[in-house]
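S.K.: Each chain is listed here by its residues.
8 protein chains.
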Amino acid sequence: MYEDLGFSKVDYDREERTGYPEIIYGEGKTAEQITLIAEKLVERHGKVLVTRVSEEKAADLKEAFADSFYHSVSRIFSVGKPEKLYRGKVMVLSAGTSDLPVAEEALLTAQWMGCEVEAINDVGVAGIDRLLSYREYLQTASVLVVVAGMEGALPSVVTGLVKRPVIAVPTSVGYGAHLEGLTPLLGMLTACASGMSVVNIDNGFGAAYQAALILKVANEEK
Amino acid sequence: MYEDLGFSKVDYDREERTGYPEIIYGEGKTAEQITLIAEKLVERHGKVLVTRVSEEKAADLKEAFADSFYHSVSRIFSVGKPEKLYRGKVMVLSAGTSDLPVAEEALLTAQWMGCEVEAINDVGVAGIDRLLSYREYLQTASVLVVVAGMEGALPSVVTGLVKRPVIAVPTSVGYGAHLEGLTPLLGMLTACASGMSVVNIDNGFGAAYQAALILKVANEEK
Amino acid sequence: MYEDLGFSKVDYDREERTGYPEIIYGEGKTAEQITLIAEKLVERHGKVLVTRVSEEKAADLKEAFADSFYHSVSRIFSVGKPEKLYRGKVMVLSAGTSDLPVAEEALLTAQWMGCEVEAINDVGVAGIDRLLSYREYLQTASVLVVVAGMEGALPSVVTGLVKRPVIAVPTSVGYGAHLEGLTPLLGMLTACASGMSVVNIDNGFGAAYQAALILKVANEEK
Amino acid sequence: MYEDLGFSKVDYDREERTGYPEIIYGEGKTAEQITLIAEKLVERHGKVLVTRVSEEKAADLKEAFADSFYHSVSRIFSVGKPEKLYRGKVMVLSAGTSDLPVAEEALLTAQWMGCEVEAINDVGVAGIDRLLSYREYLQTASVLVVVAGMEGALPSVVTGLVKRPVIAVPTSVGYGAHLEGLTPLLGMLTACASGMSVVNIDNGFGAAYQAALILKVANEEK
Amino acid sequence: MYEDLGFSKVDYDREERTGYPEIIYGEGKTAEQITLIAEKLVERHGKVLVTRVSEEKAADLKEAFADSFYHSVSRIFSVGKPEKLYRGKVMVLSAGTSDLPVAEEALLTAQWMGCEVEAINDVGVAGIDRLLSYREYLQTASVLVVVAGMEGALPSVVTGLVKRPVIAVPTSVGYGAHLEGLTPLLGMLTACASGMSVVNIDNGFGAAYQAALILKVANEEK
Amino acid sequence: MYEDLGFSKVDYDREERTGYPEIIYGEGKTAEQITLIAEKLVERHGKVLVTRVSEEKAADLKEAFADSFYHSVSRIFSVGKPEKLYRGKVMVLSAGTSDLPVAEEALLTAQWMGCEVEAINDVGVAGIDRLLSYREYLQTASVLVVVAGMEGALPSVVTGLVKRPVIAVPTSVGYGAHLEGLTPLLGMLTACASGMSVVNIDNGFGAAYQAALILKVANEEK
Amino acid sequence: MYEDLGFSKVDYDREERTGYPEIIYGEGKTAEQITLIAEKLVERHGKVLVTRVSEEKAADLKEAFADSFYHSVSRIFSVGKPEKLYRGKVMVLSAGTSDLPVAEEALLTAQWMGCEVEAINDVGVAGIDRLLSYREYLQTASVLVVVAGMEGALPSVVTGLVKRPVIAVPTSVGYGAHLEGLTPLLGMLTACASGMSVVNIDNGFGAAYQAALILKVANEEK
Amino acid sequence: MYEDLGFSKVDYDREERTGYPEIIYGEGKTAEQITLIAEKLVERHGKVLVTRVSEEKAADLKEAFADSFYHSVSRIFSVGKPEKLYRGKVMVLSAGTSDLPVAEEALLTAQWMGCEVEAINDVGVAGIDRLLSYREYLQTASVLVVVAGMEGALPSVVTGLVKRPVIAVPTSVGYGAHLEGLTPLLGMLTACASGMSVVNIDNGFGAAYQAALILKVANEEK
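Protein chains in written order, with this note's numbering: chain L, -13 to 208; chain F, -13 to 208; chain R, -13 to 208; chain V, -13 to 208; chain A, -13 to 208; chain H, -13 to 208; chain B, -13 to 208; chain Y, -13 to 208.
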């Protein structure tokens, strides 16, 4: 069952089918289009998450939705809170200061989906001791999202240190041979460590979404 | 702690650190090198898994290891069995008949790591009813590994039908614009469905490894 | 026979030769250049179609041509109406809300060329039921234009459901591994479904043009 | 409805759904696998088409199917004949002698699907008069398949000469900057002529398949 | 012998060595830097040519050089006139109206270097009769510069019609699969016609420069 | 006027139109096909040139043509001699020993077309004095063909030393970042020296063909 | 030991570990973030170097740090001076005027790190005599940093003239086939001269950093 | 001064100019060509190094040179020994067993050039403790060559641990997204650690050559 707005078909069955209501990808949609779709989703599910919302669009959205939240670094807009908190924890690591917006998108997404989250920032491999100081602590995570730009070496090292699934997120932070993120993307895919998978460049949202699904499985299996 | 064989350092701590003993990537190693490393691992852990083993190397390995197993389609060689069987199930879907070697590598890896597995083959999107006939059944999986060559559209459709994490594996099956798998790889990374991550081209092993880690989390969290 | 304007040679024989008068590609031409060419074409054929016209140029063009039409989303500018309406129907499907400008370009082009058109929007494969709800209805089309960004999986699925030729249009909607549309373009070219061909990224015009030629054949063959 | 052979699901509904029975892509399948699938299809539909069949596999297939046909240049294997012959004609043009295998694949596919076909070979643009000598004759086609390697310029020129839809097929004939066909593929996609679409490198089959669907529409619309 | 300005070494021997004084590539240099270098060259050789000069920089340059010339479409700035006029003629063909800036750069460069030039515009292959109407006339050229964007098919066709060397110039006019000119560039390099070579994307200057050297050889050999 | 052999149309007008009879590209054609086409061309023009002929095909061709010549390094096969010798000289430079096959293809082609030729081998830029020892001598050439693999720097340096047109030929000699010749190809296209154009990777034939056309112009203009 | 600022972990051990304090990459960090990190570093080490600082950020930084230095062409910001001056000299060559910003970044970095530096500008290979006039002088360098855009041929030629290690820096100066620096990058990597290594596009900083480490080794070994 | 063998010019001045005699790149040269060049070099310098020599060619070379050495894994052939041993040490690290051939090429090259060498194998980042166990020891190197395939993360980590210049060598060991070594190559170029430069894929020779030049500087500077 869906509702047809002409320019968009709002997919009301998605929660039933996939565990979560439809989430809106904000880029390439007007503030008006987002508002119309979001209203339908809030009406039905009591909450909504919109990613990649510019500050201009956010201003319009905040007027339309009374009890809403906007985070300008990660460009996340949301209405509503998670109904339940899963046991377990999503740990989000990032390699450098410039990777923060993507790491924040992951954090806020996982949180909105009902996960406990934790951030460890600026632990890139050029100063490996920063990461190693968290060595024991990493084992407390249920699933790890590892965000890195440049050559994207951090996820390989982390995956070799933990028992948990690692979801790697390359970022567009870099220049020249970095090819706007294509280089760390391909590097992460060909990494030597076992237990890691990869999402699109700057897709903190997607990594967190899968992390939440993993916690969900962990909470349902018994 | 590791043992130095000169050409290789056998990493005995890997099980302690990452939950599983070191697994040997067979390509680019001689049968003799594989045998030496595998002996050390079997001695220590009682089991070993080797991927990408050609039939020639497998013949040598079978002589060296009495109680071993070799599967020529997936090129998997293994010694030993999983100690425990996790609750939950890894479901491996593949799009076409030519994707079978990669799907089989995933199946055998997950099995060796202690997972219950199930295969659904030849459900590519050109005949969507084949996939839809499994629609309810897909929900019985804990995690899905979806293998597809050509344009690699299957994981998107599957991810939109289930509540579980999907790990997508592009294959090198195709020609021309398929770019030896690069096209489905990039396509899966930019897919519109939420809840999916991607591993390297033909990396059935890597997808299954992460799937097993997910089941492991699900069995440990309580 | 053509008329030489110095910067351009207006091809008056094109209708005779190819069935339709010359159509103007608006990008990279000044409003003045477009006006000069369009005047010649209107004089000769009583109508003209211009694609990729920015709002600024459109303002100038609207002044020059009394009975004209401009659609800002698709950037189509036109003068005149089709002389005849072909039997049959061009159906334009699009995967997401952000693909609308390209879908609209296709719709308006086919209409201007004398086709009956119909649009089905936002039926991307992440919520396959939206598409399946049109399953029977798809068979009423004579030819289908299928527009999709991201990984571009929609045309494969559609082609597997219909008896009619499908013309696939990748769009530049996406990011990262999407490579500004190259990824869905290559994906569509390597798709597993038979009966489909592909046009350039965002080329709704080109897809509709070929669709109209197909209807034309269908109306002439007897 | 489909039949599950384990490694393959034979899609019996495809004719009902898409107008033609399933066609087998021979590459990456063993002679045994092809035989098993083809037997099921012949049993159900009385005919089968297999593409990309090596001479070795063809020898095995010829033994399994009494009344079969194999063409070694195009690597087409088929059983059975078309039930009806569509009005109209598919014209297949090729640019150079080395493009013949792909052109032949197109010819035999269209023929098997019930089309009248005609071939014009070696009319590449370096000697434009060869093509121009067919100028009037080209207008007798209902749809044109244009096959070209090297820089792939032929389809643009042909499209500018006819009223009919042109389906362009780039080939892997060339070297260096030709990038195994990627260069003519991209060139054809960005061609300046209207009315043309493109299929994968060396995909004579795919072009002919769509051409046949176009004739089918032309024969059904009234 | 050269003069060192610190940021630049003005190469006074270039005329002696290569037949022409140094020519200044204007992009990435400030108006001030261009002025300083140009003054030295004018002082020594009585003339100078500067390519890729923006309108802003041109305004500054026109103030600095009394008897100068600026052409805004081609962004050519020059001082002085050729000393001698070579026998023979450089013919510059361009495929579409949007290729004019590059064609003009070629025309003005060749002229400044002492060649008689002639332009034939908008003769792209989609309307081949426009080109064919010049068929005899093309043979009056000594060397041809052929400028084309989109798929860049024009040089192949022209080369097949003439006895003279053809220098092909791909342009950045196009979108999507055109890859900002890379597609026609590669296409021209892999063209089937003999007698043609290629210069960089939009490099009308470079093509004309070589054309002038060819006329020079033709005027010196006896 | 052409003769249709079915698989090929022999273009008898090419000499009239382009100054030289058709030349046969040997790759992708069978010895039998080459023989049939070559016979027609020899019959008409008294001579023929075939490029890229393997030793196997050459053996067949030598039997078919009494007075023929085959050079195994360059894979050139020819019948007949040039009618006239142009004034002027084509100089072929190559950077390394491994570039010889391409340089030889250029030499033999230019010779067959009626040019005086001269070779200077192994003058790559890593030992610039080898090239500089020819500095004066380079000025005796009418046109230069410069062949280089690896990074392809030689043509830039040569072009900066001479008054004559330089045609650069990248070769497939190299590895890794050399990308089978794509790297020197692109490098030559973006070279800083004026007066140079580029042909396809390993296309010694094409460079020599254009060089001969340049000598031809130089001999005809007066 | 490091200090955690939340968004950044300042790595105080870096000098101890790698010989130099942490250097700040300015791009993608706010002026405020840079200030906070830089303050910590100045406090600890008495100096700091920040690269890629825009003029806007530099204005803020100059207010925060009394005794600081900013160079707008190279976008280098620094506080403090080197403690010691190494014996030996870093020579920085650049090919063209437009490569100056990158060459300056190299010069200022090496200087800040304690090296004597020297610059030779505009010695690109199109006028090889400019470089050759420094032939003897090049041998006075201990290590050479060679900066070049376009096809990037300069480092090959230089490496063939000296006994010293050469670090090549490709720049983003160029257009079309230059691919924003990828072409010279790949060219330098596949260069025929021995003794040269390569850093990222426009990475003058990285080349100078390694050059300084080389001088450091030279000063410590005895 | 050089000697011209026709196919090759033996560069006798190279030692004078660059510190070492010419080294022969064996790929693409026949055993006979290598022998002729090597004889000249041995005659002049008393020693020679040849890289990339297949076992077949090596057999011929061993016959020609009495006191020679061949190493089949690294494909290095050499005659003669270094005259002097530099103070300092080149340390060669490699990430995996399959990277050994490249690491061995580096080792043997550095040794032949007069360096003390040391190898540390199989210390890839997936088991970081193997590398960390050498942490103190790494500081004893004067320069480090770090060889890695897959994603190539090892050099970044090593560079962050040492005070010495690191030369990174990507290898062609990997599959799929590894792009035959292009991925680690680009990754190393965009690495976050300072003090590292990169050579071509599998170019162990080139890295060692530069390492030896660095030791040479260190031994000469005083």
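Calculated from the structure, these hints are not laboratory results.
All figures in this text were calculated on a predicted structure; none of them were measured in a lab.
Glycine included, each C-beta is placed from N, C-alpha and C at the ideal position.
Treat the hints with care, since some could be wrong.
Said to hold, decoys possible - Covered by chain V, per the in silico footprint, the following chain A stretches (three or more residues, Cβ under 8 Å): (1) 65 to 73; (2) 105 to 114; (3) 153 to 163.
What the hints assert, rightly or not - Calculated lysine-lysine pairs in the BS3-like style (CA-CA distance at most 25 Å, straight line): (4) A:K33 x H:K70; (5) R:K149 x V:K48; (6) L:K26 x F:K149; (7) Y:K67 x B:K149; (8) Y:K75 x B:K75.
S.K.: Are the hints correct? Go through all of them and say.
M.R.: Hints, one by one, checked against the model:
no.: 1; hint: 65 to 73; in the structure: violated (count 0)
no.: 2; hint: 105 to 114; in the structure: holds (count 5)
no.: 3; hint: 153 to 163; in the structure: holds (count 4)
no.: 4; hint: A:K33 x H:K70; in the structure: violated (41 Å)
no.: 5; hint: R:K149 x V:K48; in the structure: violated (30 Å)
no.: 6; hint: L:K26 x F:K149; in the structure: holds (22 Å)
no.: 7; hint: Y:K67 x B:K149; in the structure: holds (20 Å)
no.: 8; hint: Y:K75 x B:K75; in the structure: holds (22 Å)
Checked against the numbered hints listed earlier, the structure breaks hints 1, 4, 5; every other hint is satisfied.
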